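Listed below, chain by chain, are the residues.
Number of protein chains: 2
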Amino acid sequence: MKNTQVTLDKRPDGKPKASDFAVVTSDVPTLNPGEALIENLYVSLDAGFRNWMDEGSGDNVLPAMPLGKPVMGLILGKIIESKNPAYNEGALIMARLAWEQFSILTADDWHVVLEDDGEHPLSYHLGVLGDTGMSAYFGLNDIGKPQPGETVLVSASGGAVGSIAGQIAKLKGARTIGFAGNDDKCRRLETELGYDVGVNYQDENVADRLAEVAPNGIDVYFDNVGGPLLEVVLDQINEGARIPFCGAVATYGDQAATPGPSNLFQIVSKWATLQGFMTHTKLDRYPEAREQLSAWLKSGDIRAIEHMYEGVENCGVAFADLFAGQNFGKTVVKV
Amino acid sequence: MKNTQVTLDKRPDGKPKASDFAVVTSDVPTLNPGEALIENLYVSLDAGFRNWMDEGSGDNVLPAMPLGKPVMGLILGKIIESKNPAYNEGALIMARLAWEQFSILTADDWHVVLEDDGEHPLSYHLGVLGDTGMSAYFGLNDIGKPQPGETVLVSASGGAVGSIAGQIAKLKGARTIGFAGNDDKCRRLETELGYDVGVNYQDENVADRLAEVAPNGIDVYFDNVGGPLLEVVLDQINEGARIPFCGAVATYGDQAATPGPSNLFQIVSKWATLQGFMTHTKLDRYPEAREQLSAWLKSGDIRAIEHMYEGVENCGVAFADLFAGQNFGKTVVKV
Numbered sequence: 099m100k101n102t103q104v105t106l107d108k109r110p111d112g113k114p115k116a117s118d119f120a121v122v123t124s125d126v127p128t129l130n131p132g133e134a135l136i137e138n139l140y141v142s143l144d145a146g147f148r149n150w151m152d153e154g155s156g157d158n159v160l161p162a163m164p165l166g167k168p169v170m171g172l173i174l175g176k177i178i179e180s181k182n183p184a185y186n187e188g189a190l191i192m193a194r195l196a197w198e199q200f201s202i203l204t205a206d207d208w209h210v211v212l213e214d215d216g217e218h219p220l221s222y223h224l225g226v227l228g229d230t231g232m233s234a235y236f237g238l239n240d241i242g243k244p245q246p247g248e249t250v251l252v253s254a255s256g257g258a259v260g261s262i263a264g265q266i267a268k269l270k271g272a273r274t275i276g277f278a279g280n281d282d283k284c285r286r287l288e289t290e291l292g293y294d295v296g297v298n299y300q301d302e303n304v305a306d307r308l309a310e311v312a313p314n315g316i317d318v319y320f321d322n323v324g325g326p327l328l329e330v331v332l333d334q335i336n337e338g339a340r341i342p343f344c345g346a347v348a349t350y351g352d353q354a355a356t357p358g359p360s361n362l363f364q365i366v367s368k369w370a371t372l373q374g375f376m377t378h379t380k381l382d383r384y385p386e387a388r389e390q391l392s393a394w395l396k397s398g399d400i401r402a403i404e405h406m407y408e409g410v411e412n413c414g415v416a417f418a419d420l421f422a423g424q425n426f427g428k429t430v431v432k433v
Numbered sequence: 099m100k101n102t103q104v105t106l107d108k109r110p111d112g113k114p115k116a117s118d119f120a121v122v123t124s125d126v127p128t129l130n131p132g133e134a135l136i137e138n139l140y141v142s143l144d145a146g147f148r149n150w151m152d153e154g155s156g157d158n159v160l161p162a163m164p165l166g167k168p169v170m171g172l173i174l175g176k177i178i179e180s181k182n183p184a185y186n187e188g189a190l191i192m193a194r195l196a197w198e199q200f201s202i203l204t205a206d207d208w209h210v211v212l213e214d215d216g217e218h219p220l221s222y223h224l225g226v227l228g229d230t231g232m233s234a235y236f237g238l239n240d241i242g243k244p245q246p247g248e249t250v251l252v253s254a255s256g257g258a259v260g261s262i263a264g265q266i267a268k269l270k271g272a273r274t275i276g277f278a279g280n281d282d283k284c285r286r287l288e289t290e291l292g293y294d295v296g297v298n299y300q301d302e303n304v305a306d307r308l309a310e311v312a313p314n315g316i317d318v319y320f321d322n323v324g325g326p327l328l329e330v331v332l333d334q335i336n337e338g339a340r341i342p343f344c345g346a347v348a349t350y351g352d353q354a355a356t357p358g359p360s361n362l363f364q365i366v367s368k369w370a371t372l373q374g375f376m377t378h379t380k381l382d383r384y385p386e387a388r389e390q391l392s393a394w395l396k397s398g399d400i401r402a403i404e405h406m407y408e409g410v411e412n413c414g415v416a417f418a419d420l421f422a423g424q425n426f427g428k429t430v431v432k433v
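The listed protein sequences derive, respectively, from chains A and B. Take any residue in the first sequence, note its place counting from 1, add 98, and you have its number in the working numbering. Take any residue in the second sequence, note its place counting from 1, add 98, and you have its number in the working numbering.
FYI, nobody ran anything at the bench for these hints, they're computed from the structure. As the structure is a prediction and not an experimental result, all values here were calculated from the model. Keep in mind that a hint or two might mislead.
Remember, identical chains collapse to one label, so a pair may be satisfied in a single copy or spanning two.
Derived pair list, reagent style BS3-like, types lysine-lysine, alpha-carbon separation capped at 25 Å [to be verified]:
{"id": "1", "residue 1": "K113", "residue 2": "K181"}
{"id": "2", "residue 1": "K115", "residue 2": "K368"}
{"id": "3", "residue 1": "K380", "residue 2": "K368"}
{"id": "4", "residue 1": "K432", "residue 2": "K368"}
{"id": "5", "residue 1": "K176", "residue 2": "K432"}
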């Protein structure tokens with residue numbers, strides 16, 4: 099058995115390119131006591147992992163990724179061999195493993211055993227029923243708190259988190275506006291995700307367009323990107339606005355520091371809240387959130403859109419596409 | 099009777115200067131039906147009023163101040179003549195009147211009747227028992243929520259709001275660090291306001307100095323100024339940090355937009371909260387806050403420091419001093 103792997107070949111300069119990664123083949127590793135062999139089924143592609151690709155980028159969450167090694171990522175896989183009594187062969191797990199066909203799960207590795215009830219596609223556990231769905235759910239419910247009739251704006255609105263956040267906001271009775279990077283995506287926001295309006299932030303005068311489609315101002319801005327769009331939005335927030343701040347993909351891998359919004363004073367004058375959040379601080383509430391999202395999926399109140407690639411060798415391409423705005427929905431690679 | 103007034107002579111270019119204001123003398127106005135004549139006793143000087151001194155600066159709170167007219171300000175005064183049955187001669191009021199000895203209170207003017215119990219100096223009702231005390235109280239309690247042992251950092255820490263916020267944080271068991279603009283103020287922070295450390299943000303390498311005096315990071319940053327200091331602090335906040343965002347004096351009257359913090363992503367990665375607030379949204383809780391602050395004043399747990407000027411003609415000087423960092427405590431002009 100051979101193991102196809104995708105390694106970090108070069109440290110990305112700004113946005114990752116497919117050529118920053120290399121596809122290599124190695125032998126499937128043999129197990130030491132305490133370890134299990136995982137057959138990886140799905141790889142979740144998440145922009146946040148870009149943070150650990152720079153030299154010296156390690157932090158208290160994760161170490162920097164080494165060059166020449168398989169790229170670290172969130173994986174859904176199956177235990178196919180175990181030398182650890184706690185790891186049951188045949189069990190499904192999610193773990194922080196690597197872009198490869200087979201991985202070793204050591205005794206110390208963080209992992210979650212997946213109780214699959216067969217009600218949803220397996221890959222949903224990496225998206226709508228996983229961390230990105232949780233981000234949408236907690237960010238919107240705990241921070242955004244949209245009220246019926248309010249206007250909710252979402253950036254990266256067709257992305258893994260945004261696509262769910264927008265739909266939940268709509269369920270809560272809000273008017274929903276989504277930012278996306280091209281007209282096709284804007285159309286899909288409206289036809290597939292129930293957004294009232296999709297706004298193309300690339301082609302248009304965003305400030306004018308926003309004022310036009312949100313004449314009563316923005317009550318909630320679910321922000322997945324940060325950067326210059328945040329400045330535009332801050333000028334149009336209402337008093338008491340809430341800004342769940344979920345990510346800043348606009349500035350990931352930004353070598354030269356990008357100036358922040360020059361109008362941050364709007365946070366004071368509109369007595370608004372800009373609040374970051376990390377789903378790992380809410381693990382105790384995952385079951386509640388997952389149950390609700392599962393129910394909405396079954397009732398058809400929300401839909402999960404996946405941007406699926408086939409073949410582990412395409413992980414690098416898929417990751418680069420994510421930063422090039424080529425994705426719509428949750429990006430997953432089927433190994 | 100003559101009325102000494104201080105008018106807006108020129109629209110300030112950036113920070114206000116004393117020469118932007120003119121002292122004039124006029125006749126004391128006569129009353130129309132429904133009006134009262136107010137003898138102004140104290141003028142509160144608040145940086146926020148700078149916002150309405152620019153051409154075209156009017157908003158839904160207040161209109162832009164006209165040139166050549168007495169400058170609008172928060173006043174504590176006494177009704178000395180009334181042609182309105184609702185206005186009792188001899189009553190003390192606070193109202194948004196002007197930098198002058200005598201003002202007219204019309205039937206429609208917002209005002210508060212002051213029930214003075216004689217327990218505190220009258221002028222405290224413009225400071226520690228007024229809006230600035232309320233800002234400190236609500237910002238710290240509702241947003242900052244300092245826990246015993248946490249580190250609370252305050253900017254403009256010797257100012258009207260900061261001087262109270264720092265003392266409340268200390269009462270809550272936090273370690274308190276204050277930013278101030280010169281060594282003398284830093285010393286006063288420590289000797290008069292109970293701060294553990296005063297940090298001079300003008301003379302020193304603030305980032306290094308902060309790391310030195312707050313080796314465990316910042317849990318609460320009570321920010322009264324915004325601007326470049328916020329960027330420095332964001333690099334040193336702890337997970338779950340709270341930033342009550344009270345004002346942005348650093349950028350008031352800033353004609354060229356100052357770039358915001360380039361590291362706003364810290365709000366995400368530290369799941370921190372940056373929250374603006376306006377005391378007028380909490381009017382129903384003023385009695386609770388005022389009672390607590392009054393009790394602390396009487397017990398000596400906090401002290402109110404006033405930066406007092408004598409003579410209404412000094413309002414312009416006092417206002418300019420506020421922006422030149424010449425104040426310590428609440429700036430009040432005794433008319």
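Hints versus structure:
| no. | hint | verdict |
| --- | --- | --- |
| 1 | K113 <-> K181 | neither (40 Å within a copy, 71 Å between copies) |
| 2 | K115 <-> K368 | neither (40 Å within a copy, 28 Å between copies) |
| 3 | K380 <-> K368 | between (28 Å within a copy, 14 Å between copies) |
| 4 | K432 <-> K368 | neither (45 Å within a copy, 32 Å between copies) |
| 5 | K176 <-> K432 | within (13 Å within a copy, 77 Å between copies) |
Hint compliance for this structure: hints 1, 2, 4 are broken, all remaining hints hold.
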